Each structure stands twice: as structure tokens, then as C-alpha cells.
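Q: If you're matching them up, the sequences are chains L and E in order. To convert, count from 1 in the first sequence and add 400; that's the numbering used here. To convert, count from 1 in the second sequence and add 326; that's the numbering used here.
Hints listed in this document are in silico derivations from the structure and should not be mistaken for laboratory results. No false leads were slipped in.
Heads up, simulated SDA-like pairs for lysine to any residue below, C-alpha to C-alpha not over 20 Å straight-line: (1) L:Lys-415 <-> L:Thr-461; (2) L:Lys-415 <-> E:Trp-434; (3) L:Lys-415 <-> E:Gly-432; (4) L:Lys-415 <-> E:Gly-433.
Bear in mind that the values here come from a model prediction, so they are computed numbers and not experimental data.
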Amino acid sequence: MSPVLDIRDLHLSFKGYGGLSEVLHGISLRIEQGQKVALVGESGSGKSVTARIVLGLLQETRTARIRGAVEFDGRDIGAMSARQRAALRGTEMSMIFQDPTSSLNPTFTIGRQFREVLGRRDPGIGRAASDARATQMLAEVSIPDPARVLAAYPFQLSGGMNQRVMIAMALANRPKLLLADEPGTALDVSVQAQTLHLMRELVDDHGTSVLFISHNLGVVREFADRLYVIYRGRIVEEGPAAAIFADPRHAYTRALMDAVPRITGGGLPDVPEVSEDFLAPLIRHEEDAA
Amino acid sequence: MIRAFRILAANPLSLIGFILVVLIVFAAVFAPWIAPYPTHNGAVVDFLNNNRPPSAQNWMGTDLVGRDIFSRILYAYQISLGLGLVVLAIAPPVGTIVGLLAGYMGGWVETILMRLVDVFLSIPPLVLAIAMMGVLEPTLTNAMLAVTVMWWPWYARLVYSIARSEREEGYVLAAEVIGASSFHIAFREILPNCLPAILTKMTLDMGFVIIIASSLSFLGLGVQPPTPDLGSMVAEGARYLPDSWWLTVFPGLAILLVVFGFNLLGDGLREILGVDE
Numbered sequence: 401m402s403p404v405l406d407i408r409d410l411h412l413s414f415k416g417y418g419g420l421s422e423v424l425h426g427i428s429l430r431i432e433q434g435q436k437v438a439l440v441g442e443s444g445s446g447k448s449v450t451a452r453i454v455l456g457l458l459q460e461t462r463t464a465r466i467r468g469a470v471e472f473d474g475r476d477i478g479a480m481s482a483r484q485r486a487a488l489r490g491t492e493m494s495m496i497f498q499d500p501t502s503s504l505n506p507t508f509t510i511g512r513q514f515r516e517v518l519g520r521r522d523p524g525i526g527r528a529a530s531d532a533r534a535t536q537m538l539a540e541v542s543i544p545d546p547a548r549v550l551a552a553y554p555f556q557l558s559g560g561m562n563q564r565v566m567i568a569m570a571l572a573n574r575p576k577l578l579l580a581d582e583p584g585t586a587l588d589v590s591v592q593a594q595t596l597h598l599m600r601e602l603v604d605d606h607g608t609s610v611l612f613i614s615h616n617l618g619v620v621r622e623f624a625d626r627l628y629v630i631y632r633g634r635i636v637e638e639g640p641a642a643a644i645f646a647d648p649r650h651a652y653t654r655a656l657m658d659a660v661p662r663i664t665g666g667g668l669p670d671v672p673e674v675s676e677d678f679l680a681p682l683i684r685h686e687e688d689a690a
Numbered sequence: 327m328i329r330a331f332r333i334l335a336a337n338p339l340s341l342i343g344f345i346l347v348v349l350i351v352f353a354a355v356f357a358p359w360i361a362p363y364p365t366h367n368g369a370v371v372d373f374l375n376n377n378r379p380p381s382a383q384n385w386m387g388t389d390l391v392g393r394d395i396f397s398r399i400l401y402a403y404q405i406s407l408g409l410g411l412v413v414l415a416i417a418p419p420v421g422t423i424v425g426l427l428a429g430y431m432g433g434w435v436e437t438i439l440m441r442l443v444d445v446f447l448s449i450p451p452l453v454l455a456i457a458m459m460g461v462l463e464p465t466l467t468n469a470m471l472a473v474t475v476m477w478w479p480w481y482a483r484l485v486y487s488i489a490r491s492e493r494e495e496g497y498v499l500a501a502e503v504i505g506a507s508s509f510h511i512a513f514r515e516i517l518p519n520c521l522p523a524i525l526t527k528m529t530l531d532m533g534f535v536i537i538i539a540s541s542l543s544f545l546g547l548g549v550q551p552p553t554p555d556l557g558s559m560v561a562e563g564a565r566y567l568p569d570s571w572w573l574t575v576f577p578g579l580a581i582l583l584v585v586f587g588f589n590l591l592g593d594g595l596r597e598i599l600g601v602d603e
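The following block holds chain E by itself, in its conformation from the complex:
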């Protein structure tokens, strides 16, 4: 733990990432107390103050119906981070189980599972999500579902390739020789050796999941108004560029910061856990 922190501190970029992530998570969790206008996360209208540029009252200006953009960004972070957490709580375990089974068992199990993964990977991710959202109702839950469905195959492929090479290691043969079951070998011997790579990918993926989710709501397929979402806020303001630039630029910057933060942190983590590639 201390060693991990020292490596993090020695690498300024990952330290910046770490600080960014901590700040953003803190801001999202405590949004109701930090936001200057906590009620503005809902259907509030204040036409007297609509479309104002940044000022002392509204640090990032107000939107078309007069809501404080800074407050809405904080609440939008709650949605984005929550969505990312749910996706990363479901997709990696599913992908890991599939990848482990395919990589360790081999044979027809490998053929069936990995061809299925190939089918999923051959569809451009955003297209798959858009198609799913087109069929389903555009809600937050369905957005999570769509992103999860397009995400697990990447974990399956990552874990599969590690499990394939670990299967040839001496300790797997040694475990077979003492009579260990396939289940024990896959989950108790091989899985711990895959964890560093999985953890690193999860941190790096947090940023990408947020981008994809924002892209969905930019297209109007994700979270619906009046709930604030970074993607839909960018989309809303895009029509008023370049005059009302604050409508688009601040939510855009918010996406940039969170993705940037998680990517830097992920790179640092990769170094700490010693994952190659």
C-alpha cells in the first residue's frame, strides 16, 4: 500500500490522475452539499436568469431555462460515475468467467465461447449500443445494459489470452499432479495471476465507459431530461455555439477531465501492478 503510493507519487502524471479522480468522486458524492443550486438537478425553470455567461453567481453560466451549469455538472458526474461503476461491476466478472473457461478448458468450450466473443467484437461498439437503445426504451438502466453488453467481450478476450499462457506454466501442471479440480485450477490458481491486468483495464475503462455513455445521451439515447447528463448537456448547447459557448464547453471539459483522470490513474496502476502491454 505504502509502496503503491510512493510509485504513484514518483510519477507526477499518475498523481495528477489520482487527484483528479479523488476530486471528481468527492464532488459527485457530496453534490447536494457542494452545488450552489442543489435544486437545479431537476425540472426547475428560472427564465429571468436564462442563458447567462459565467459570473460570480453562476460560475459556469446558466442553461437555456436558467439552471446553474456548475450544479448540473456535479449531478451529471453522479450519473456518469454510477453508470461506470455498474457497468464495471457486471462486465468484467462475466468476461472473466467466459475467458477463464475458454482459456483453461480449451477444446469445444473454447471454440464456442471465443467465436461468440468474436461475434460481439465484430460489431462496432457504439452501433450495437445504438441498436439496443433503439429497440429498448431510452432510460438509464437500459443505457447501462447496452454498455455492459458491448463491454464484456473485451474482458473475455483479455482473460482468455492470459489464461492460455498461464495454462502452460509449471504451477498449473503441479496443481493437476496433486489432483486439484479444474474449477480449483481455473479460479484459484490462474485467476489470481490475471487480476493485475483486469484491475488495470477496469481503471482505464472507467473513462471509456463514461465517453460511450455520454455519446449515447448526446444522441438522445441515454438519460432523459430533466436529469442532467454530460452528453445531453453538450448536445443541448451545441446549437447555440459559438455565442453561448458556456453551454457546451463546460460539460465538454467535465467529460475531458474525468476521462483524462481515469486514464492517467490507470497508467500509474499499470506500472504499480507490473502489467505489460
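For reference, chain L alone in the conformation it holds in the complex:
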């Protein structure tokens, strides 16, 4: 079976006033069916642009130059037309964002927005059918009173509720791949943990593959099967999550891990902003090392 997502030697550069500046220097990443993969790195390391390339959004930006292969479900995204890429979004792949409340349009009810999402796969869907499906999806994300939520506007719900709504919407069309760009970073920590737990159960049930983007290794540890650590547009360490957490070998991975605050205190360590060691070549953990 071919992997759901296969990125090979992806280069990205932006054309600016000072010529081309390269942002991704050849990254490779694979996500198998049902696998939860995390892409971890600091801000500006190239996590989010990678997600935008997978979604086919960056291909439409004229200043972006993309090289390398991105295959989704065996099909080359780079070779598709803009229309074909748009057809994939919202049906085969979907995305969850940092701030759930601002990702929902404040002028429409949740029910109405659900209908638009469901209409992507089933254009003629009626109100009753869409509400029934939405109610079922909301029940799956443990929302106690789906009818009330469907009639509500996003600003009438709490951030945690909106996050669950976003998860329900993102999974409503049974996508093969879910991209989660720092989901719930705008929420407080306990709500974030709760919704992540919920999301993990759901994607396991549905067999959805996930590309989870984060800067927080603590969050990733709870969620991912496999880990890619990215630094300045290069993958510096990859392997099964358990193996990397047990034995982080790259200097940058160790620095990232030190940056996760601990409940036992001791404050944050002095992590150098830039270090020669961070540019050391890729370390690949063997699959059986876990």
C-alpha cells in the first residue's frame, strides 16, 4: 500500500527583492495509512509552509519556487492543476488551526458552516441531512448538547467548544489526511490536552493519518507515533517517537527537549540561539529501535 503522504527532497524558495531565498533545503517525510506523524521545530523552521505545500496553497503563490516530489495517496500534487488541488482540500485532506474561534466565520451559525463543509463531498446535501450528520459528528467529539451548538454562533461558544467543533468539521468528510497546525495553542493547557486526547481517539477510530505540526515536544509526546525534527528548513532527526524521546541524538533535538518546562521546576536551561551542532547532518533512528 502506498503511503498517504510521501514528500521527497522538497525544496522551497521565495523570490524576494534580494533574489531567491531558500526556506526548505530538501526535506523528506512519509506518512503511512493511519499513522500520526509530528513535525517539530521552532518558529520559522519551515513547518507551516510544508503544510501549505501539502494542501496545495503555496503552489498558487507566484513568488514561491517549489522543487521535489509531494505525493498524496500516490498522486503527485505538484503535477495537478489548481482545480484538482482545490478538489482534494476539504474532502481528502483537511486542516485544524491554532485558534479555533477565529477559524469560524462569526456571521454564520455552526450548523450553517457544517452544511458548507459537508457540501464539499455531497453538494446537494439538505438541511435535515446535514444537521443529522453534524449532530452525530458533534456527539463523537463529546459535545453534550449538539442541537444548541448547531444553532449557536462561534462567539457564543467557548474556545474549547469551538476547538471540538473544528475537529468534528475537519473529520466530517472522512479525510485520508488531517493536518493539524499547532492545534489549540490559543487555548489554555488543560483544555488543549483534553481536546488532543479526543482528537487522538477519533483519528484512531477513523484510521485517519495525521501530520501534526508543533513546536512543543511535550504535546507531541502525547500524540505522535513518529517524529520529524526540523531546523532551519532541514530535517535533523527522524524516527519512531518513543525512540527519539528515549534517546535524542541530535544536538538540536536535545535543546528542544530541554526547552519543555518541567513540573519539578528548575527553570528553563540556557539554550543557545544558534549552535554549530544544530547544523549537524540528519540522524535517522531505525524503525526497530523502538
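Let chain L serve as the given structure and place chain E on it in line with the hints.
A: Only chain E this time, still in chain L's reference frame:
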């Protein structure tokens, strides 16, 4: 709806505005039945009663050819409100489409459309209208056309600035991510978020459109006699000030009241719809 009315009622000034507007609209619509001399909206001459001060027969006096000024003001309101409605039925949609396209699409579309808007905005509004009326025949239709041409760029700029900031909102990215088309995003996602500001501006603008239209006919470039118009009535009487003050003061007051009413109502509406600035 009930909530809107409660806010309106809690704010005495906007309530006054609302009542004024309702009264004026009612008077204009039912002018033929309310006006004491309904025939006086046309070419009627009654020299025996010309230039009379306000009295029990003619509440606001009579004009130079003996027509009842109160009746003519009611009919003039029909013209002013009708003109305002037509202008505000055309200019805001045109401006909104231009502003949305420029604000959401960006790039060369934005450059071309917004520079065009700048060209229109750089010409003083009344000068543009006067120039247009000078070229065209001075009729009601052309007055509407002239005011519309000078009015749409303001809506384009308003909607453009809102669309620019809404474009960065998460829900627009979310819509892109589920594969929504540009058309859908501009008109179905962003436009509803611009509507409160557009509606508020339209209410506030009603008064200004009436002022501009009256200014045009004051200069003799709008509605032509014998059709009554507030602007031309003021102009006609201005030569006989201060002796025949009623010729000018009542039509002037009529303009003041309608503009005042729409402005107060617009302020109230701004509060109800929660529009800043």
C-alpha cells in the same frame, strides 16, 4: 429586532432621529392626501395670494406665484427621498463589489481598482457633479447619475479596508483549506462581515446625498421648475431675504430636519450593529 428597538429607545437622540425619519417618509409617501393644496406641486399660479406670510390657510406662507409652501415641501421630500434611494441602491453595491475584489484578490486587481477609486476621490465631489451636469442636461435622472458617480468610490474604499483586514482572519484561511472558490470566499464569507458597516454608512449617507442633491438644484443644475425641490426653493427665495423670509427658511428647515434625522438614526444604527470608527 426587539433588542434593536430597545437600544434605539434607550438612546433618546437616535429615537428622535428614528421618529423624524418615519414622519418625513410618511409625509412624503402620503403627500397627495396630506398636502392642503395637492395641485400646487405643478405649474399652478394664484397671483391673488402670492408671497403671503404664514397664516392659518398657508401654514408656511405662499411662494412668488401663490403656491402653498407646505404642500410643495411635502412633494419636494418625495423627490429628495426618491433620489437618495436610487443613489443608495446603485452606489453601495457597485462600490462594494469593487472594494471586495480589490481587498480580497490583491495584486494587480487591487492596484488598478484602487487607483481608479483614488482618481474619483481626488476630485471634489460637488465639482465633479457640477461638471457632469454641465455636460448633460439638468434633469432628475442626470442628477441621480451625477451623485451616484461621485458616491460609489467611498463605498469601494470602506469595503476595501474591511476586506483587507478580514482577509487575514482565520476563517478565510479555513475556507481556502476546504477548497472554497475565491468567489465564495469574497461574497459568502467576507461580505457578511462588511454588511454592518455598509448599512450604517448608507443611513448616514442618506442625509448627505440629500444635501448634495439640494446643492445641485440650488445651483439650478438639478430638478427643473415647476417640480418642487428643496434646493431650488431655497435658491428662489434667497433673493427676497430678509423680507419674505418664509420662502427660504421653511425649505431650509426641511433640509435640516431630514439630514438631522438620518444622521441621528445612523448613529443609533452604528451602535446597534456595533460598528467602530
